[in-house]
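Residue numbers (full-length UniProt numbering): 1 to 180.
FYI, nobody ran anything at the bench for these hints, they're computed from the structure.
Certain hints may be false.
Simulated crosslink set (DMTMM-like; lysine to aspartate or glutamate; CA at most 20 Å straight-line) [stated by the list, open to error]:
| hint | residue 1 | residue 2 |
| --- | --- | --- |
| 1 | K70 | D48 |
| 2 | K114 | D156 |
| 3 | K70 | E95 |
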Amino acid sequence: MMRPSAWVMRFAGLLPRRAHVLDVACGEGRHTAYFALRGARVTAVDIDLHAIEPLAGAPGITLECRDLEKEPWPYADEAFDAIVVTNYLHRPHFEHYMRSLRPGGVFIMETFTKANGLIWGRPRNPAHYLLERELLMLTPAEAHIVAYEEGMTTEDHAVARIVWTKPADAEPYGQPLGTR
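Whenever a hint applies, use it, and build me the whole structure from the sequences.
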């Protein structure tokens, strides 16, 4: 199993203890396992669960085999404390992400940009990569952006990354600011 994304781990502290996390397009479950080990309840969804089967039955983990691109969005409003999306892009889901987060909920995303396709040949399909600054444009207007980056990772992947929170009456998940 690959290590969890450094971006995801960096912002995992924004989640409350025992958070309910949705891991979209969970793949082999690197983030599912990471959050479960931190005490979260994780709903891991993917079109193919073969790679994540070793986590079946683990405490706090629910596996769901779904084709989220062809079926209606199955998750209720305000169902999750966090939604994590890595190496996956389906633009129509952005309208659902905000609704499915509880107030104060955290959205963490990291996925490929067009540059990755130009350099490494994947993803090939323009539907599966972000254009320059597109992730900012897909972010709901009411979201509070905690962090955003776009560029090359230490593994030489071209990605865009964002963390935003859903507004709440009290903003309990504020990211500590650096002192300089």
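These are the hints, each one checked on the structure:
Restraint check: the Cα-Cα separation between K70 and D48 comes to about 14 Å, which is no more than 20 Å; the hinted pair holds. Annotation: proposed proximity of K114 to D156 holds, straight-line Cα distance about 13 Å (limit 20 Å). This hinted pair checks out: K70 and E95 have alpha carbons roughly 16 Å apart, not beyond 20 Å.
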